[in-house]
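Novice: Here are the chains, one letter per residue:
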Amino acid sequence: MHEMGFAKIIIDEVNKLAKEKDAKKVTAVKIIMGELLLINPEQLNFWFKALTQGTIIEGAKLDISFVKPKIICTICGKNYNQPVGLCEKCGGFVKVEGGKEIVIEKVEMEV
Amino acid sequence: MHKIEIDTNIDVLSLNKKIARENREFFKKYKIKAINIMGAIGSGKTLLIEKTVESLGDEIKFGAILGDVVGSADLKKVARHNIPAEVVNTGKECHLDAHLVSHCLEKFKDVDLLFIENVGNLICPVDFDLGESVRVVMVSVTEGDDVVDKHPEIFRLADVIIINKIALADAVGANVEKMVNDAKKLNPKAKVIKMDLKTGVGVAEWLQLVKELVS
Numbered sequence: 001m002h003e004m005g006f007a008k009i010i011i012d013e014v015n016k017l018a019k020e021k022d023a024k025k026v027t028a029v030k031i032i033m034g035e036l037l038l039i040n041p042e043q044l045n046f047w048f049k050a051l052t053q054g055t056i057i058e059g060a061k062l063d064i065s066f067v068k069p070k071i072i073c074t075i076c077g078k079n080y081n082q083p084v085g086l087c088e089k090c091g092g093f094v095k096v097e098g099g100k101e102i103v104i105e106k107v108e109m110e111v
Numbered sequence: 001m002h003k004i005e006i007d008t009n010i011d012v013l014s015l016n017k018k019i020a021r022e023n024r025e026f027f028k029k030y031k032i033k034a035i036n037i038m039g040a041i042g043s044g045k046t047l048l049i050e051k052t053v054e055s056l057g058d059e060i061k062f063g064a065i066l067g068d069v070v071g072s073a074d075l076k077k078v079a080r081h082n083i084p085a086e087v088v089n090t091g092k093e094c095h096l097d098a099h100l101v102s103h104c105l106e107k108f109k110d111v112d113l114l115f116i117e118n119v120g121n122l123i124c125p126v127d128f129d130l131g132e133s134v135r136v137v138m139v140s141v142t143e144g145d146d147v148v149d150k151h152p153e154i155f156r157l158a159d160v161i162i163i164n165k166i167a168l169a170d171a172v173g174a175n176v177e178k179m180v181n182d183a184k185k186l187n188p189k190a191k192v193i194k195m196d197l198k199t200g201v202g203v204a205e206w207l208q209l210v211k212e213l214v215s
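Protein chains in written order, with the working numbering: chain A, 1 to 111; chain B, 1 to 215.
Derived by calculation from the structure, the hints in this document are not laboratory data. Think of the CB as a built atom: it goes at the ideal place given N, C-alpha and C, for glycine as much as any other residue. Just to be clear, a hint being listed does not mean it is correct.
Pairs of lysine-lysine, DSS-like flavour, derived with a Cα cap of 30 Å [stated by the list, open to error]:
| hint | chain 1 | residue 1 | chain 2 | residue 2 |
| --- | --- | --- | --- | --- |
| 1 | B | Lys18 | A | Lys100 |
| 2 | A | Lys89 | B | Lys189 |
| 3 | B | Lys3 | A | Lys24 |
Cβ pair distances, simulated, as ranges [what the hints assert, rightly or not]:
| hint | chain 1 | residue 1 | chain 2 | residue 2 | range |
| --- | --- | --- | --- | --- | --- |
| 4 | A | Lys61 | B | Gly173 | 47 to 53 Å |
| 5 | B | Asp58 | A | Ile75 | 44 to 50 Å |
| 6 | A | Phe66 | B | Arg21 | 25 to 31 Å |
| 7 | A | Glu35 | B | Glu212 | 18 to 24 Å |
| 8 | B | Gly144 | A | Pro41 | 28 to 34 Å |
| 9 | A | Lys8 | B | Asp58 | 25 to 31 Å |
| 10 | A | Met4 | B | Asp58 | 43 to 49 Å |
| 11 | A | Gln82 | B | Lys178 | 17 to 23 Å |
| 12 | B | Glu205 | A | Asn15 | 47 to 53 Å |
| 13 | B | Lys17 | A | Glu35 | 17 to 23 Å |
| 14 | B | Gly173 | A | Gln43 | 43 to 49 Å |
| 15 | A | Cys90 | B | Glu93 | 17 to 23 Å |
| 16 | B | Glu205 | A | Lys61 | 52 to 58 Å |
A few chain B positions that, by computed beta-carbon distances, are all more than 12 Å from chain A [what the hints assert, rightly or not]:
| hint | residue |
| --- | --- |
| 17 | Phe26 |
| 18 | Ile60 |
| 19 | Glu93 |
| 20 | Glu153 |
| 21 | Lys184 |
Assemble the whole structure, with the sequences as input and the hints as a guide.
Specialist: In structure tokens:
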């Protein structure tokens, strides 16, 4: 749902960096995103393209990698792929860590 | 011209996190408990605030920040109870964020408990820390008894889950126990309250929780 908003923030940060480095063109942006944010990568790409038209970021490749949260029973250590409240194996509390980050990892530009 | 690659490690959510931390520091400094009330549209968030202030207004200094899409309908309802209140017109924003809330905080320095009524939405508010002490998520039976199951993340991260309008459950064919069980399954640590703000069911339990929060 926030693909446009997040695309805007990513573009603002990349623009700041490009200005610092006096870049002529940005060619690639690599981001990592937590799966629990439920951001649709195609939509994010769409808005990234839409909002960078006519700028030095136009045409840049947006490389999106996903990060899974760590979901693990605090008692028996069983791992899960999706958040659950209590462990099916031992009834222990299942902790969820991460999976909610958006980080701009790398930016490639022509200077 | 040549190509360069820069390792940036920029956290896109860092600005909201920073302002949320500042809000949290403000609340700590002025000893204010802040409750972020999230929930479905029309689930009873404003009425919950009103009933709480009516019952405990003599013993607790309340304040309220209301997210209204436009105008100030919710603000007017709450202002009748003579508590400091502020509206945040959210327009097309689908959630409050720490930045929007940070602009209003000065007038609430003297309150014990600040209600922050979020935009009616079970998806977006979850990812935006406002600096609150407690997260309440409110739904009602009229949204359908699968509403908890369909929106796991917001319930997983709640401190208190309120299932409201239970007096209407039969009329709308909603299984309240299913809603409670779905909530507890997602979030075993949350306090789950079955409530009906019109008949008064569950209200005493909620008021006790509020009193304990400020004690």
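Novice: If a hint holds in the structure, say so; if it doesn't, say that too.
Specialist: Here's how the hints hold up against the structure:
For a cut-off of 30 Å, the pair hint linking Lys18/B to Lys100/A stands: about 16 Å separates their Cα positions. In summary, the hint linking Lys89/A to Lys189/B is supported, as the alpha carbons are separated by about 18 Å, within the 30 Å threshold. A distance of roughly 10 Å separates the Cα atoms of Lys3/B and Lys24/A; the hinted pair therefore holds under the 30 Å criterion. Look at Lys61/A against Gly173/B: about 51 Å separates their beta carbons, and that is inside 47 to 53 Å.
Evaluation of the 44 to 50 Å hint for Asp58/B and Ile75/A yields a pass: the beta carbon distance comes to about 45 Å. Checked against the hint of 25 to 31 Å, the C-beta distance between Phe66/A and Arg21/B comes to roughly 27 Å, which is consistent with it. Between Glu35/A and Glu212/B the C-beta distance comes to about 36 Å, which lies outside the given range of 18 to 24 Å. Between Gly144/B and Pro41/A the beta carbon distance is about 30 Å. The supplied range of 28 to 34 Å therefore holds.
Between Lys8/A and Asp58/B, the C-beta spacing of about 47 Å breaks the proposed range 25 to 31 Å. Here the CB-CB span from Met4/A to Asp58/B is close to 47 Å, well matched to the stated 43 to 49 Å. For Gln82/A paired with Lys178/B, a C-beta distance near 20 Å keeps the hint of 17 to 23 Å intact. Checked against the given bound of 47 to 53 Å, the beta carbons of Glu205/B and Asn15/A, roughly 51 Å apart, stay inside it.
Our hint of 17 to 23 Å for Lys17/B and Glu35/A holds, since their Cβ atoms are close to 19 Å apart. Between Gly173/B and Gln43/A the beta carbons are some 35 Å apart, a value that contradicts the proposed interval 43 to 49 Å. Checking the proposed 17 to 23 Å range against Cys90/A and Glu93/B shows it is violated: the Cβ atoms sit about 42 Å from each other. Take Glu205/B and Lys61/A: their Cβ atoms lie about 54 Å apart, and the range 52 to 58 Å holds.
No beta-carbon of chain A comes within 12 Å of the beta-carbon of Phe26/B; the shortest separation is about 24 Å. For Ile60/B, the shortest C-beta to C-beta distance to chain A comes to about 32 Å, beyond the 12 Å cut-off, and the non-interface label holds. Distance to chain A contradicts Glu93/B as a non-interface residue, since its nearest Cβ pair spans about 9 Å, not more than 12 Å. Some Cβ of chain A comes within 12 Å of the Cβ of Glu153/B; the nearest lies about 7 Å off, and the non-interface call is violated.
Residue-level check failed: Lys184/B sits 7 Å from the nearest beta carbon of chain A, not beyond 12 Å.
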